[in-house]
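In the order they appear, the protein sequences are chains A and B. If you're matching positions, the first sequence starts at 1 in our numbering and goes up one per residue. If you're matching positions, the second sequence starts at 1001 in our numbering and goes up one per residue.
One or more of the hints may lead you astray.
[Claimed, not checked] Examples of chain B residues toward chain A, derived with CB under 7 Å:
(1) Ser1046
(2) Cys1047
(3) Ser1065
(4) Met1084
(5) Ala1088
(6) Leu1091
(7) Glu1095
(8) Arg1639
(9) Gly1640
Since the hints were derived computationally from the structure, they do not count as laboratory data. The C-beta atom is built at its ideal place from N, Cα and C for all residues, glycine as well.
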Amino acid sequence: MIKRIKIGTGSCGVAAGADEVFDFFSENIKDIELVEVGCIGHCYAEPIIEVETDKGSIFYEKVEPKKEFLEKILNLENSSRLQVGGNRTKKEFLKVTELAGKIDPVSYDEYKSNSGYNGLAKALLMKPEEVVEQVKISGLRGRGGGGFPTGLKWSFLAAQKDEEKVLICNADEGDPGAFMDRSMMESVPHQVMEGMLIAAHATGASSIFIYVRAEYPLAIKNLKIAIEDIIKYKINHINGRKIFIKIKEGAGAFVCGEETAMINSLEGKRGTPRFRPPFPTDKGYKGHPTLINNVETFANIPIILREGGTKYAKLGTKNSKGTKLFALAGDLKYSGLVEVPMGITIGEIVYEIGGAVKGEVKAVQIGGPSGGCIPAEHFDTPVDYDSLTSLGAIMGSGGLIVIGNNRCMVETARYFLDFTARESCGKCTFCRIGTTRMLETLERITAGDGCEEDITFLQDLGDKIKKGSLCGLGQTAPNPVISTIRYYKDEYLRHVNEKQCNALECNALVDVFIDKENCIECGLCIKNCPIDAISDDFIVDNSKCTRCNSCIEVCPKNTISRIPGGGISE
Amino acid sequence: MSKIKITIDGKNYTAEKGKTILSVAKEMGIEIPTLCYNEKISNSNSCFVCVVKDIKTGKFLPSCSATASDGMVIEASSPEVVDMRKTALNLLLSEHTGDCEAPCTIACPAQASVEEYVRAGKNGNHLEGLKIIKERIPLPISIGRVCPRFCEQDCRRNITDKDEPVAINDFKRLAADLHYEEYMEERPNLNGKKVAIVGGGPAGLSVAYFLRLQGVSSDIFEMMEKPGGMLRYGIPEYRLPKFLLDKEIAHFEKMGGIKIHCNKKLGEDIQLDDLKSKYDAVAITVGSWKPSSMRAEGEEHSVGGIHWLEKIASNNWQGENPGKTIVIGGGNTAMDCVRTAVRLGSKEVYCYYRRTEKEMPAEQIEIDEAREEGVIFKFLSAPVKVRIENGQKIITCNEMKLGEPDASGRRRPVPIPNSEYDIEADTIIAAIGQKTITPDGLKLNKWGDVDINTDNGQMDENVFSAGDCVSGPATVVEAVAGARIAALGILAFFKNEKYKKAYEINVSRGHWQSLKKDDLVFLNEPIVRSRQKLSYIPLEERKTTFKETTRTFTEEEIAKEGERCFECSCTAKSECKLKDYSEEYAAHPEAIQGAKRIFNYDTRHPEIILDRNKCIKCGACVKICKEVINKTLLGFVNRGFETNLATEFDAPLPDSCTECGACIPECPVGALDWRKKA
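Modelling step: build the complete structure from the supplied sequences, incorporating the hints.
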C-alpha cells in the first residue's frame, strides 16, 4: 500500500522538470499525500520520485508528467525504477545527508521526529567547554576547503571575553560545479541550523549570520522557514539568551567565500580580504570575535553531539574523520552529490560510484578552481586532507570533476584560471594582474602561439602569485596550471613546439576532415554548417571552418572527425 | 613595554613589541620599499612591494602589516625577496599606461627637457627656457638653427596635424637669440683637474662645457684658424651666420677655465703622448673630415663637398662663380653645396642622387628651400666616371632603379643596364659622406672611427672621445650628447669610477605613428591651430647673398606655437614611486606583456585630473578621502583585472575637492593630480 509519494524538488530536480511533475501529480492524485522533498544526490536520474509503501520505499527515475508514468508508479511497476549505478550503494556512507531528500525540508516536526534537535538538547545539558571537547574529539575539520580543526577554532572563540560574539555560516558556495551546501540547505535546513545553535552554545556567541549567495533562492526560502520555526519554538533561546539570527544574501562574488572578505561584505564594505592576524576569532565582524564555519561543517555537528565525538571519530583516516560530500561531475556516467567516508580512494569514487570507465579517464580536478588535478595513476590515493595536498590538489569544498582522455589539460587549466582571474577581488597585485597575465599566456598556448618560455613563465609567475597573495583565492588560483604542468608537461610542450593538441580540443590546432570513403553524401553536414564551410563535393574549407562540431554531431555515419591540423587561419 | 628579539637580514635587533616588520626594519636602517602603505591611513597590504620572507614559516609577508614577533627571522633583501618585488613591479608596469617622459625628450639625443622649455617659451620665460636648454645643450644658437629636429619627428602633434609638429627647435633659437649673452651658468671654483681636448668643434666645446660645470678646466686644441669645426667650416653662413657662432663660442672662454688654442694639429703641433702625460685626461673630438670616395673613375676631377665648403668658409663666404655645378649626393652636405653654389652666382645647379627624393637623408626643408632657390634634382642617377674632354668636365651617369631594401631599410639602387649618359659641367662636387681622419695612436673600430666604451666615452686609460670621430658624420646634437657622456666619463675617472648612465625606464603610450587621435589623452583639450610659419628673407636675396635665410620667430609667435604642445609627459614624472622603485629593482615596462585597459582622463573637474591608466589600485586616495576627510568620493568598482577607481556614483568630483586635494599628494603615480603642470 502506498503511504505517500515524495518528489525531489531541490534545484537540481526542478532543473530536470520536477515542478511540472509535481503539478501534474497533485492535479491527478487525490487520495495519496504528495510531499516535496530535497535531493538524494542522484542528479543523473532526476526528476526522482520516492513511493513510500508499507513494505519500504521504491524510487522512480526520470519521471515524466504523463498519465502513463503516473499509472506505472501507482501500480508500483518495475520499469523506470531508479537504477543506482555501479557500486554506489556499497561505497557511499550517508551520515550528514541521511535525511536529505527523505524528509520534508521545511517541516520542523518531521526533522524533530527523525532525531532532529536531539544533538542540541544533548549539548544544552553539557557545559560549553564539554561541547567543544566533543567536537575536538570527533576530529572534524573544516569542510569549506581549509581543513582547519573545527573544535580548535571553536575553542578560540569560546576563550574570547567579548559580550558580542558572532557566528557566521559560510554558505557562499562559489566553486563552479559545486552544490553540496545548496543541497544541504535546501534539503535539511534544520540540520544546518541545529549545528549553528550548538556552536552558539559551545562558544557563547550571541549572533548568527548565514551568508548565502543570492543565486540560491530555494535554500534561502527553506532556511527562512526553518528560522521562523526556530523562533516560534524558541529553540534559539540558549542559556537564557535569545540568539539573533540573520540571513545575508551575497551578491555573487566568489571571493566573499573567503572568511575575511565575507566579514567585510557583511559589514557593507567591498568584499576584499583582510590581512591576518588578527584572525576573525580575535577580531572579526565589526571588531567582535567571530567564528566562520561552512554549511557542511555545521551540518556535521548535530551528528557528533548525538553519537558522541569518539564514535564519530571511528570513521575516516588518522587525520581526516567522518565523511565528505562531493559534487561529482564531468566525464562519467552517474553525476550527483555523494557522501563518502574519509579514506575512500579517488578511484572508488570515480569508477565505482561515478561509473566512469577505467582507461577512459585521464584525471580528476579536486577542489574546484582552487584545486589541482590528480592523474589517473594516483587514483589509489585515499581522500583525506593531507594526501590530496601532497599531490598538489586540495580537499576544497567538494567539487570533483572527472576529466576524460578526450580533454586537453592546457584547456582545462585555462578554463579554471579564467574563472579565478575574473573572480579575483582585485586587491593584491600578484592575483589581480598575475592571474590575468597567466590566463593570457594560456590563451596564447591554446591558440598555437605559445613558446617553451611561456611554460617556464607560467610556473614562475604561478609560484609567485601563490606566495604573494593575501587570501586563499590568490594562494590557490595557479594550482590548476601548476598541477597540469607538473603531470602533463608533454601536452604543454606539444602545444608550444608542434602546435598540436593531443586531445584535439584546442580549436586553433585542429582541422575538420570528412572521410569521403565512408561518406554517403547525405548532405546533412552541408545543411547544418552555419558558415558554409563544406563544399558540394564534401570537402571542409578549414580556413573558414570555426570548429563548431555541428557537422560531426549530425553525421549519421561518423565519417567526420577532428584531426591534428594547421589550425584556423586568420 | 615588553621587547622582542628579531633578526632581519642577518642582523639581530631588540624591538618593542607590537611594531610592524616595516617599522622595525626602518629602525634598523634597513629600507623596504612601499607603494600602498601610507601612515595616514589604515593598511591596504595589497601592492606586495614591501614583501619580506619569514624564514621559519617560509611565507612571504607584507611587511607594512605583519607584526614583528619574538624570534622571527626575516629576509628583507635576499635575491628571492628582491625577485618577488621586481615581479610585483613588473606586473604593475604591465598594466600601467602613460608617458613617463614626453616623446620629444626621449627622441632628443641630448635628452633636453623639451616639454619644459617649450612651456617656458609659451609663458614668455625665455631666460628660464634657455637655462633648461643649456642643461643639456651648450650650443643653443647653433643647434636652434641647424638641428634636424629629432624631437619634432616624434611629436604627437603629427597625429592631429599631419607633418605639423610643434616647431620645437625654434624655441631654442629664440631663447638663445634673446638671452644667450646675459645668461651665465652657476659653476663651482676650479678644482685643479685639467683636460686636453683635441678639436674645437661641437663635441670638443661641449666636453669643455660639461667639465667646467663641475669645476674642471680644459685646453682645447683646434687645428683650424678658428674654433667651431663643422659649424664654421661645414655649415654655410646662410644657415648659421658666423658672427652668431663667434658669440656662442666666446661664452665658453667667459666661463673661466676653458682656453682655446687654434692652429694646433694633433700629430704635428701637439702629440697625444704629451697630452696624456701633461693633462689629467684627454678628449679626442677631431670630427670626421675626409670626404668619402665616389668610387668612380676620374674622381680626381671632382672636389669633395666639405673641402669645397671649407675653402669658401675660409674665404668669408666669398668665391668664384662655379658655373654649371653638379653635386653628387643626397645628404645635408649636398644641400649645403648646391645652395652655396647658387649664392656664388651659378645659374645652373644640379643635385644628382642615386635613389629618389623619399630616400634622401637631407632634411625635407633643406630640399624644399634648395628647390625654391632654383636647384634642379635628378633622381635615380649615379656617377660612373668623370673625364675631361677638350678642357670640359664630363660626368657619365647610370640610370638606376630601386631594388630590395638594404641594411638601412632604404631600397637599394640598382643600375639599369645600358643606361649610361653624359653631362657636361664646370664644377663637380662629391658630397656623399665623410670619413674620420684618425690621428695615430688611437684605437679604431671596423669603420675606422675611434673605438670607445659607449657607456662612458673612454677609449683607453685617460683618453676619451666623442663626436663625429666616434660616430662617423652625424648631427651637432648627437655630438653634444656624446660629449656629455665623455665628460661624465672623465669626471667619474677622476674619482676612480666608471660612469654608466643609471638604469631608466620609460612607460610610453606609443609612437604617434601607432596611435590614432582617439588614443590620445590630454591634460587640457588641445588648441586647434596650425604650425607657425617660418618667415624668409626675399628669395632674390637668398639666391644672391649669404644672409641668414630665415628669421627667428617672434615672442608672440612662440607663445602661440607653445600652446600647440600636448604636454605629453606625466604630471608626476619627478615624483613617481612606481618609476623610482622600478628603476631601483631593474623592472621593465615590457618584462611582462599583456593587455592594458585604456581610459580617457577624467577631466570633468576643472582643476583635478583622474587618469585611471596610471592607477595602481593602491587605494590611498580612497582611504584618505574616507578615513581622513570623512567623505566617500572615491572607491573601487569591478573585480579582478577590471578593478577600477571610480568616483561616487560616477559623478564628477565636486568643486570643493579643489580646496581639499588631500588625496593628490598621496597618489604614488600621479593618477590623481592637479591639472596644471608647473
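Outcome of the hint check:
Given the 7 Å rule on beta carbons, the hint for Ser1046 of chain B holds: about 5 Å separates it from the nearest Cβ of chain A. Taking 7 Å as the C-beta cut-off, the interface hint given for Cys1047 of chain B holds, the closest approach to chain A being about 5 Å. The closest approach between the C-beta of Ser1065 of chain B and any C-beta of chain A is roughly 4 Å, which is under the 7 Å cut-off, so the hint is satisfied. Hint status for Met1084 of chain B relative to chain A: holds, with the closest Cβ pair at about 6 Å, below 7 Å.
Given hint, Ala1088 of chain B at the interface with chain A, holds; its Cβ is 5 Å from that chain's nearest Cβ, closer than 7 Å. Below 7 Å, beta-carbon pairs count as interface contacts, and Leu1091 of chain B has one with chain A at about 4 Å; its hint therefore holds. Taking 7 Å as the C-beta contact cut-off toward chain A, the hint placing Glu1095 of chain B at the interface holds, the least distance being around 5 Å. The interface hint given for Arg1639 of chain B holds, since its Cβ lies 5 Å from the closest Cβ of chain A, which is under the 7 Å cut-off.
Nearest Cβ of chain A to the Cβ of Gly1640 of chain B: about 4 Å, under the 7 Å cut. The hint holds.
The structure is consistent with each of the numbered hints, conforming to all of them.
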